[in-house]
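So for the sequence shown, this note's numbering puts the first residue at 1; every next one is plus one.
Mixed in with the good hints, there may be bad ones.
[Stated by the list, open to error] Below, a list of computed lysine-lysine pairs in the DSSO-like style, where the Cα atoms sit at most 27 Å apart:
hint, residue 1, residue 2
1, 6, 65
2, 233, 190
3, 150, 188
4, 86, 65
5, 150, 132
6, 6, 190
7, 7, 65
8, 182, 172
9, 7, 86
10, 7, 233
11, 188, 172
12, 172, 6
13, 182, 86
14, 132, 188
15, 132, 6
16, 172, 150
17, 190, 172
18, 150, 190
19, 132, 86
20, 7, 190
21, 6, 150
22, 86, 150
23, 182, 132
24, 233, 182
25, 65, 150
[Said to hold, decoys possible] Taking CB as the label site, the calculated pair distances span:
hint, residue 1, residue 2, range
26, 76, 38, 25 to 33 Å
27, 233, 132, 29 to 37 Å
28, 176, 265, 55 to 63 Å
29, 180, 111, 45 to 53 Å
30, 52, 310, 41 to 49 Å
31, 49, 310, 37 to 45 Å
It should be emphasised that the hints constitute simulated quantities derived from the structure, not laboratory data. Cβ atoms here follow ideal geometry from the backbone N, Cα and C, with glycine treated the same way.
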Amino acid sequence: MIIWGKKIVRSHLGYAADFCPVCACARPFALNRVGSAGHLYFIAVGDGDLVGYERACMVCTVVLKANPTQYAEVATRPSAILDLVKQTFPNLIQVYQERLTLERAIRLDPTMVSDANRQTLLMEPFLLLSVKVSERFENSAFSANTGFLKNEVLPILARALRRLRPTEAELKTALTRMVQMKEPIGSKIKLADLMAALQQPASNDAALAPAKAGGQAPVQVGHAAKHRTNAGKLMRWLSYFIAVGVLGLGLLTLVPSETKQAPSALWVILALAGMVGFAVYRASAAVMQGLTWGRTVGSAFGVLLLFGFPFGTALGAYLLWCLGLKWTSADLA
């Protein structure tokens with residue numbers, strides 16, 4: 001049976017500085033082109049028709065819509081945030097002047113912000129994450145997956161809300177409004193879990209504290225982020241290699257010959273190899289976005305590569321080294 005159709009593919013474009021509403025300051029972002037491409041056995045053919053652009057914050061990992069035309073240029077590699085602003089978005093302070101002024105007022109006293117602005121800021125992270133949560137829980141198979149909420153949603157919500165010092169009543173109201181909007185995030189997030197996440201001390205307060213000049217944090221993206229991207233690219237190319245190998249061997253077994261048909265065990269091996277290749281391909285994008293599950297899949301794949309001496313061993317060792325580097329604020333200093 002031939003499996004084909006359309007799928008969403010993401011192509012890495014580079015890096016740019018922009019304002020992150022979760023971190024509440026300027027941050028380095030990884031830019032991606034989102035396309036709809038034809039696939040054969042879930043392996044995309046080309047970059048596909050343009051659907052849009054995304055930018056993923058390299059500190060909090062939140063993914064937002066992007067407009068590459070607003071940047072002076074797109075950097076080929078991440079750098080110190082002040083340098084990245086000058087290179088890619090030199091008028092960032094002018095564009096976000098109103099928001100940066102509001103964030104400075106919040107840092108002085110969040111209770112003095114007008115009720116309208118406060119309500120907007122409280123709802124903002126819920127709205128930003130609602131699409132991600134909705135997509136995740138469209139499949140009922142994920143309905144019991146609390147790890148996703150604990151590891152990929154609650155930390156971002158807590159980071160965005162902590163500076164506002166919201167009351168329990170305000171958070172309850174925000175969740176209720178999301179339920180009224182029929183957004184799954186309103187019912188999936190439990191108030192007690194959110195309150196507990198807010199009470200936990202931020203692990204990288206220093207990285208989250210914006211500098212006085214223009215609300216920009218003096219953050220520098222170091223070698224860990226670069227090698228994380230390299231790991232994702234390596235995994236993607238290896239998934240292509242696996243796909244070609246599986247298709248090639250599969251076609252060879254179908255060629256008529258005087259010998260008997262290929263043993264069923266070979267088809268099982270090819271099927272397993274195809275599933276591994278597909279998992280690695282999916283995980284490659286997650287690795288470049290800094291998602292934990294992508295690192296887990298990539299590390300398992302790296303261990304498998306170690307048994308392929310000598311080239312597989314070298315590639316596996318490099319992949320494990322890249323994935324072993326810290327992905328949070330420690331790799332941004």
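> Do the alpha carbons of residue 188 and residue 172 lie within 27 Å of each other, as the hint requires?
Replying inline: holds (13 Å)
> Are residue 86 and residue 65 close enough, with their CA atoms no more than 27 Å apart?
Replying inline: Holds, because 21 Å separates the two Cα atoms, which is no more than 27 Å.
> Given the hint that residue 182 pairs with residue 86, does the C-alpha gap stay at or below 27 Å?
Replying inline: Given pair residue 182, residue 86 is violated - Cα atoms ~41 Å apart, limit 27 Å.
> Taken at face value, is the distance from the CA of residue 6 to the CA of residue 172 at most 27 Å?
Replying inline: Violated, at about 40 Å.
> Keeping to a limit of 27 Å between CA atoms, is the pair of residue 172 and residue 150 held or broken?
Replying inline: holds (18 Å)
>> What's the verdict on residue 233 and residue 182, does the C-alpha distance respect the 27 Å limit or exceed it?
In response: Measuring from Cα to Cα gives roughly 37 Å; hence the hint is violated.
> Are the Cα positions of residue 132 and residue 86 separated by 27 Å at most?
Replying inline: violated (31 Å)
>> Hint check: residue 7 vs residue 86, CA-CA at most 27 Å. Holds or violated?
In response: violated (36 Å)
> Taking 27 Å as the top limit, are the C-alpha atoms of residue 182 and residue 132 close enough?
Replying inline: Measuring from Cα to Cα gives roughly 14 Å; hence the hint holds.
> Is residue 6 close enough to residue 65, meaning Cα to Cα at most 27 Å?
Replying inline: holds (21 Å)
>> Would the hint linking residue 132 and residue 6 be met if the CA-CA limit is 27 Å?
In response: With Cα atoms ~20 Å apart, residue 132 and residue 6 stay inside 27 Å; holds.
>> Would the hint linking residue 150 and residue 188 be met if the CA-CA limit is 27 Å?
In response: holds (11 Å)
Hint compliance for this structure: hints 2, 6, 9, 12, 13, 19, 20, 21, 22, 24, 27 and 29 are broken, all remaining hints hold.
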